[in-house]
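K.L.:
One letter stands for each residue in the lines below.
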Amino acid sequence: MDALANNFQVLFQGLALGSIYALVALGFVLIIRATNVVNFAQGDFAMLGAYMMVAFLVSVGLPYWLSFLLALVGMGVFGLVFNYGVYYPLRHRGFLPVIISTLGASIFLQNTVLAIFGAQPKRLDNVIAGGMQIGAVFLDSQYLVILAVTMVMVAFQFFLFEHTMLGKKLQATSQDKDMARLLGIPVALMIAITFVYSSALGGLAGVLVGPVLFVSIGMGSIIALKAFAATIIGGFGDVKGAIVGGLFIGVIESFAAFYISVPYKDAYAFLMLFLVLVLRPQGFFGERVAEKA
Amino acid sequence: MPLLELKSVASYYGSVQALKGVSLRVEQGEVVTLLGANGAGKSTTLRTISGLLRPASGEIWFEGQPIHEMAPEKIVRLGISHVPEGRRIFPGLTVRENIMLGTSSRGRLPKKQMDAEVAQMFDIFPVIKPFEDALGWTLSGGQQQMLAVARGLMAKPKLLLLDEPSLGLAPVIVQQLFATIRVIHARGTTILLVEQNANMALSVAHRGYVLETGEMKVEGSPKELLGNEEVRAAYLGGHG
Amino acid sequence: MRTQSLEAPRARHVSPWPFILFAIAVAVPLLPYYTHVSHFVLSMFMQATTYAIAVLGMVVVLGYTGQINLAQAAFFGFGAYGVALGTVAHGMSFWLSLAIGIGIAGLAGGILGMTTLRLGGHYLAMITISFQQIFDLVAVNWIGVTRGPDGVAGIARPSLFGYELSDDRAYLLLCSLVLYAMMAAVWYLPRTRLGRAMRGVRENELAAEVVGVHTLRTKIIAFTLSAALGGVGGGLYAGGFAYISPDNFNFQRAVEFLSMVLLGGVQSPFGGALGTTLLILLPEWLKEMPPSLQFIKDVYLAIYGLAVILIMVFMPEGIWGLLRNSWMKFRTAPPVDTSGITPLNLDIAVTETTPLLKLEGLQKYFGGLHAVDGIDLEVARGTVHALIGPNGSGKTTMLNVVNGIYKPTGGHIIIDGNDVTLKSPHERAAHGLGRTFQNIRLFPSMSALENVIVGAQRDNNPIEPGAKALRERAMSALQFVGLADKADTIVRSLPYGHQRLVEIARALAGHPKLLLLDEPAAGLNQTEKMNLVELLKKLRSGHGLTIFLIDHDMGLVEKVSDRITVLNFGKKIAEGTPQEVLRHPDVIAAYLGDGSAAA
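Line by line, the protein sequences are chains P, H and B.
Residue 1 is where the first sequence starts when you use our numbering, and the numbers rise one by one after that.
Residue 1001 is where the second sequence starts when you use our numbering, and the numbers rise one by one after that.
Residue 2001 is where the third sequence starts when you use our numbering, and the numbers rise one by one after that.
Just chain P, same shape as in the assembly (with noise of 0.2 angstroms):
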């Protein structure tokens, strides 16, 4: 294969699987805005998303289309649990407490998922069968899904947000609490929702990356870390900067792997991750991370 065809196959590739990282890193950033919260089991909504597509679709037998709404409608569900469960009780205590709290509920989901599926990863077939061939490069057709599914929740994500009295109200509780409630905007009610939100969007990640990693009780972890990378480089909790730091993790990850070393190719976010924050903690698109007396 020539030079141009190799590059592009791995940046497709790498685009794909950092729309992976951006949407959960989408889900992870609004909790963060809305609560303050670093919710370390971001990732594991990714994995039970999976699991459940994998429980409807090849346990019971339903069709795609429906396991898929009912796995989107489960981690719906699960986001309220998540948010009455673990970060209602904590929500006054400081950071370290909902840091592991979360941690916790990390390591409950893994092991219930465990308990219940058993260790062997899963298959997970892809949307629609084969991909495109243009010249060259071959354009897996999971990766076309994924690309296409990201670029449409983002729009809905935007039109939402900027858009709706909806989208305006929970921007106003992610920016001043306090103040949304003297508006009359009912607070509790917008972090249930941004955890319902959050919650599908983990989901449609895990669903979407299925068929290209395998669904395993571990997937969630590795994919979560990168989304923190993301976020960080990104910008912390800045929205678009979650994305575009997802996209350009997936995309070096991609070409390190190819170009030095494929067994490190997890290492690389992580080195990315460290030098920001060393170089530049507030990243991309962040303010200043200063300290208050």
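Errors might be hidden in some of the hints.
Stated by the list, open to error - Capping the alpha-carbon separation at 20 angstroms, the derived lysine to any residue pairs in SDA-like fashion look like this:
1. B/K2559 x H/R1077
2. B/K2571 x H/N1038
3. B/K2538 x B/L2346
4. H/K1217 x H/R1025
5. P/K265 x B/P2149
6. H/K1156 x P/M165
7. B/K2572 x H/K1217
8. B/K2571 x H/G1168
9. P/K265 x B/G2144
10. P/K177 x H/G1168
11. B/K2529 x H/N1038
12. P/K240 x P/L189
13. B/K2537 x B/A2380
14. B/K2537 x B/T2577
Hints were generated in silico from the structure; no laboratory data involved.
With chain P fixed as given, assemble chains H and B onto it according to the hints.
P.N.:
Same frame as chain P, but now just chains H and B:
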């Protein structure tokens, strides 16, 4: 019956007693001002009225209803709109969006009605109209203050609580702001105004109270309070 | 490290617990010599002891210093690989390999600690996780060095003073002794100078920095110690089990260490050991379950995760914390011996007449907001100088700039002839700058005495070296503010007015040349204010101490100040004696507002 009445309200910040039995009343159609030095308890009084703080003892009555144990979301729906200290406009939202969010306590408004009300608000606050689509954080202090008041008015409140609107603003802007306060009052809104700038506040108020370390010290008409040595002492010391 | 106890002098209260624990500690490793214990059980206890050493590291970095560390398994791994590769691949002695492993772990810990310069909280959590992940990836993939997923086998037991430790019982004895030694050290740490600094960082980092604690260095040391302990545990683990592989040292293991320390009680070495033992024994115990409850075995890891959440919600101090709190209820604190306390020495030699504090063209801008807009100010030695002005005039910002919390945008700050403009707060404390905060910033779970001692610990404090001198200085300061009898009371249970006094005592213990007081009267009732005025007058009378204060209570300001500067919109608008300033028309206008009516 007064529109708003506080009866011996006591409030705490943690273990510090910020209000020690404050009583006051606001009649329909008045502009009443709460004066006092920094730390006297003026903002605490407003926050206790709007529900951000729960009083340790005492009662607050609004239109004959006890509100001292209600949540802020409920209180705003009853008709009290609190424009808190420090403006607190949503920095990442536009001026227009900030104003629209002021209607959150009134349920969904049809688009036509919303547009009409926003347009009305820009008539009262022409200073911010050119910034309609600008993000909140880009506005100057005075503009943000105007925006905050506009947003507070969108709740169509019966009682508007204004907390230190002149804070940090240049004198010229303060004049503009208080001119607007007069306009708002003329249109029928009752106002309880907390201010450090006593002279400015007394130029628009019908009555005033002076707070000192959480206690009500003096009450009277502007004429009685202006140039009153007690008022000066409340700010700059030198009692007795 | 100081070696003397720093509790206030009082009668020793004897409790049975240390003896009970001691008995258990001696019995457990010796038991296998007297009765048959299976190899399996011995292995389990070897695992428990080596893990517990690593968990002690978590007690130091998280429990004492309040820094999150999710890379502890990586440090455990450095120790283990140090021993494994050193002995198997390079034929070095066990002890040398162990030392190297611990050294590398400590070094890595120090580097991680340096990242706290800019970051804390969530960022730190992510940096440590990233570090852990990178370690894992390298351990698995750098096959040339680490042998990858196959791991390293054939690690031999060491010999000690000629004794071969191939007998499991002997090795367990070794591990136990090392654990006990480490536990003793970690138990003693909070009572040392370093330990108090660590606790200060955890309780209120900003306050610690301001009273003279080198917070960055403290955090680096905490990480280094934590990593070194991890290395010790890992090295002993490798020696005990003869075979290691990368999945013993991954993120999951790090989370397990975290869970162990949280369950047991993160602030105590006993808690750490307890949590470790429980979580290692638990799966084994579950295997013994009757058939009807067998399903628990499958889901116990899930329960594990749920338990972490529940612990955080209901039991944040862990089991040890619960035990200790219930035991404390039955103890009454013996009264403090307040006899024979030397009076507080606050004297500053006033040998020059130059101003003690000089601000030249001081500016602090926050973007477009000119909070402090070009201020020149001089404070004469041995005087009380007040800074007043309406809300938002820039007073607190100015104090924060003088203190070093904010770096000025322009201008200079000179204290006693030293230009401190670019120095950090703890460096300024070393120059004799003391401060209290408007919203009291004490170390809430430490006693009044401990709080004040941290103030006395500042560099260059002109007192004798040694723990005794620190304690004496602190007691003197507490007596000066009238709270000597409350020395052992935990400050968070003190009434507000007393907390304010403890904060002042903490600042005075540092024997300051210049004392910055930020709204000292805030939140005080009339009586407390009167006492404060008396205290300030005592401070002022002839010690040579210079005081710079902000307050809104003009009565107080008038009574204690020699000179007042008035700010408005970040600029100086008046300066002079209280009489001159408080009736000045410009000042009255600034406070009461412009008299002209609205248009």
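K.L.:
Tell me the hint numbers this structure goes against, listed in increasing order.
P.N.:
1, 7, 10, 12
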